[in-house]
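Peer 1: Below, each chain spelled out in residue letters.
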Amino acid sequence: MSVMNKLTTTCWTNFYGDRRNKQMLFVLRCLHKSATSGTFGVAREEPLPERLITSTDATKKRLPKTLAEMPGPGTISNLFEFFWRDGFSRIHEIQIEHSKMYGKIFKSRFGPQLVVSVADRDLVAEVLRAEGVAPQRANMESWHEYRDMRRRSTGLISAEGEDWLRMRSVLRQLIMRPRDVAVFSDDVSEVVDDLIKRIVCLRSQSSDGTTICNINDLFFKYAMEGIAAILYECRLGCLSQKIPQETEDYIDALHLMFSSFKTTMYAGAIPKWLRPVFPKPWEEFCDSWDGLFRFSCVHVDKRLKQIESQLQRGEKVTGGLLTYMLVAKEMSVEEIYANVTEMLLAGVDTTSFTLSWASYLLARHPDVQQQIHAEVMRVLGSEKVATAEDVQHLPFIRGLVKETLRLFPVLPGNGRITQDDMVLGGYFIPKGTQLALCHYSTSLDDENFPSSLEFRPDRWIRKHSSDRLDNFGSIPFGYGIRSCIGKRIAELEMHLALIRIIQKFHVCVSPLTTDVKAKTHGLLCPGAPINLQFIDREI
Amino acid sequence: MALVAALRRLSHASLGFYSWRAAAATPTFGAWITGQRSFTVGSQPLRSDKVTVHFINRDGDKITVKGSPGESLLDVVINEDLDIDGFGACEGTLACSTCHLIFEDDVFKKLGRITDEEMDMLDLAYGLTDTSRLGCQVCLSKSLDGLVAKVPESVADARQSQDG
Ligand code: HEM
Ligand code: FES
Numbered sequence: 001m002s003v004m005n006k007l008t009t010t011c012w013t014n015f016y017g018d019r020r021n022k023q024m025l026f027v028l029r030c031l032h033k034s035a036t037s038g039t040f041g042v043a044r045e046e047p048l049p050e051r052l053i054t055s056t057d058a059t060k061k062r063l064p065k066t067l068a069e070m071p072g073p074g075t076i077s078n079l080f081e082f083f084w085r086d087g088f089s090r091i092h093e094i095q096i097e098h099s100k101m102y103g104k105i106f107k108s109r110f111g112p113q114l115v116v117s118v119a120d121r122d123l124v125a126e127v128l129r130a131e132g133v134a135p136q137r138a139n140m141e142s143w144h145e146y147r148d149m150r151r152r153s154t155g156l157i158s159a160e161g162e163d164w165l166r167m168r169s170v171l172r173q174l175i176m177r178p179r180d181v182a183v184f185s186d187d188v189s190e191v192v193d194d195l196i197k198r199i200v201c202l203r204s205q206s207s208d209g210t211t212i213c214n215i216n217d218l219f220f221k222y223a224m225e226g227i228a229a230i231l232y233e234c235r236l237g238c239l240s241q242k243i244p245q246e247t248e249d250y251i252d253a254l255h256l257m258f259s260s261f262k263t264t265m266y267a268g269a270i271p272k273w274l275r276p277v278f279p280k281p282w283e284e285f286c287d288s289w290d291g292l293f294r295f296s297c298v299h300v301d302k303r304l305k306q307i308e309s310q311l312q313r314g315e316k317v318t319g320g321l322l323t324y325m326l327v328a329k330e331m332s333v334e335e336i337y338a339n340v341t342e343m344l345l346a347g348v349d350t351t352s353f354t355l356s357w358a359s360y361l362l363a364r365h366p367d368v369q370q371q372i373h374a375e376v377m378r379v380l381g382s383e384k385v386a387t388a389e390d391v392q393h394l395p396f397i398r399g400l401v402k403e404t405l406r407l408f409p410v411l412p413g414n415g416r417i418t419q420d421d422m423v424l425g426g427y428f429i430p431k432g433t434q435l436a437l438c439h440y441s442t443s444l445d446d447e448n449f450p451s452s453l454e455f456r457p458d459r460w461i462r463k464h465s466s467d468r469l470d471n472f473g474s475i476p477f478g479y480g481i482r483s484c485i486g487k488r489i490a491e492l493e494m495h496l497a498l499i500r501i502i503q504k505f506h507v508c509v510s511p512l513t514t515d516v517k518a519k520t521h522g523l524l525c526p527g528a529p530i531n532l533q534f535i536d537r538e539i
Numbered sequence: 540m541a542l543v544a545a546l547r548r549l550s551h552a553s554l555g556f557y558s559w560r561a562a563a564a565t566p567t568f569g570a571w572i573t574g575q576r577s578f579t580v581g582s583q584p585l586r587s588d589k590v591t592v593h594f595i596n597r598d599g600d601k602i603t604v605k606g607s608p609g610e611s612l613l614d615v616v617i618n619e620d621l622d623i624d625g626f627g628a629c630e631g632t633l634a635c636s637t638c639h640l641i642f643e644d645d646v647f648k649k650l651g652r653i654t655d656e657e658m659d660m661l662d663l664a665y666g667l668t669d670t671s672r673l674g675c676q677v678c679l680s681k682s683l684d685g686l687v688a689k690v691p692e693s694v695a696d697a698r699q700s701q702d703g
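Heads up: the sequence lines are chains H and S, in that order. For the first sequence, the working numbering begins at 1 and goes up steadily by one. For the second sequence, the working numbering begins at 540 and goes up steadily by one.
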């Protein structure tokens, strides 16, 4: 109960006041009602507890099967697949292969870790709908270890239980509602201005005057600049025509950090006792985090200093997200550092890969590009700068982003640790089991999406408002209370950038680029550089 | 750390923008930013103009409560402390669809515009019907007085009735 009291006090002291307080208690009530707290062990393949066998099950002789009976690849062949055949980079393809071989629900072993994969739309829905009040994604021990070592707080990605719920309750009131995020429209639009200028500049340096090689480099900078404009309330200059050398070095260092970070994510998977033998992954893991935190702290502190001096001069403090968080004090400054850091980590590559894929798909499908261009012309013309408001009138643009994320879900799979015993797909799954939700398989399943390999943004367009699209097969941002908190920010950044690109340019595949396949490197990313031509639209 | 302490010492009262939250029915961060940029403040809802709402809970019980115009049906559930299991898990931020409610045809038509984002979340709701909406997106107005909102059966209910 002490936690509950502490939380109630926090609520009283913050200025959300009475309503918010009620809401928090409402949520807390649920938390205490459900059996979500507790420790999660590694699931064992135990016999079935009596209490889960209902009387009808017994009479119909439809006993849920045990994990021991669940099909799946053998431990040895799995190890061979992943370590010998570099399965990690093909994890998305293996997902599909395995679901074809073993069915919609199957088990695999990674050393001591048993993972139950769920590759069926309806079963995924079942798991996510049954979630408690503070769902857990995966074991975050290595993240926690680093935070403890450096005395840093956890953020949304790494926090669990009541800590997570408290921070999530604060942050979702700030950046999850579409209408709250719409206020960043002008800020994002300014970043898009710079993106367009940069495209014009870069292509002019190419031999044919139209080509930009490795477009993801550019979108990385755009996503970085965009998220910084929102999270730090400042511009980094990643897209400046003439980037000062030190900024350039800085971006390169950051780039490297993001990419090495993905590799070192596996550091967490190496058992602690092996660290003296293989110290490097853990060291790199810590170095990466140090760098990420340093970057965020610099920017948060800068704003904090500005606010302080404004207050001392008796000026009214105004600003955006960061100002609000610093002034409202619903989270401690350490928690703000941690959350801003984790949001930066989660928000840059995801957005840039999706933009890269979207432009690649547009270039590969000129007919679709033409259709979308026609819609944009009809609604905005070639000059009007789109705002968040305009997006509702551009269903094809929304369809483009959805279809891109269906074909290339940046997170090809997601995890959940079950917080209660459950029966899923006829199997008994004990509490504490690591589930892998196979989004890549479900979004490329012909049953869920006819001709699933075809790029067809129009499959997302509703004929009328009561037209329903059963889309649990493709939930690239997840679903429910632990889903992506940056979804609306990411959508805004992607929609506004794509609209402007389509207004200004005809995007074509450069002869240098052939078929680009996806590979998994932490996230699903382009397996080869995407080189595109940007040709001015005739006005 | 000194910086943090200094900031903490300054009382909230010296900050000029606190008032909007008390004023608006469903205060949002967006309103705060727009408010400070354009200096508009939400209007105080008229507390006397209450709207009657009937909820039909999963067990068939009818619960009658009153809400203010401008409030969402989720606000009403929270303010009246109604015990609807799992309702409004994401606190009205369009991430969960647990605030799914079913309306009568004629009421449904009066509920106001449905945004794309709501439609997308609604598609993921359990037991979807043609007259479904998300309770956190439906705002009360005087013309909705006496509306009936049915709470659909939950996944757990469905499983139980299948079993027994
Ligand atoms: C195309 C862009 C993006 C995609 C596809 C994406 C996808 C996802 C997915 C699938 C999850 C896991 C959800 C779950 O477990 O149910 C997630 C979590 C998260 N994302 Fe994103 N994301 C994107 C952009 C962003 C951005 C821009 C931000 C930063 C504001 C962000 C911040 C986060 C955070 C903080 C979490 C953890 C949430 C929590 O555990 O409470 N993401 N994202
Ligand atoms: S409360 Fe989650 S969508 Fe309405």
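Simulated from the structure, these hints should not be mistaken for laboratory data. Idealized CB from N, CA, C, for every residue including glycine. Honestly, I wouldn't trust all of these hints.
Claimed, not checked - Label-pair distances were calculated between CB atoms; the ranges are:
1. H:Phe-110 with S:Asp-644: 37 to 43 Å
2. H:Ser-465 with S:Thr-591: 54 to 60 Å
3. S:Asp-644 with H:Ala-138: 18 to 24 Å
4. S:His-593 with H:Val-298: 53 to 59 Å
5. S:Ser-680 with H:Pro-450: 26 to 32 Å
6. S:His-593 with H:Arg-468: 24 to 30 Å
7. H:Gly-426 with S:Asp-644: 35 to 41 Å
Peer 1: Which hints, by number, does the structure contradict?
Peer 2: As far as the earlier hints go, 1, 2, 3, 5 are violated by this structure, in ascending order.
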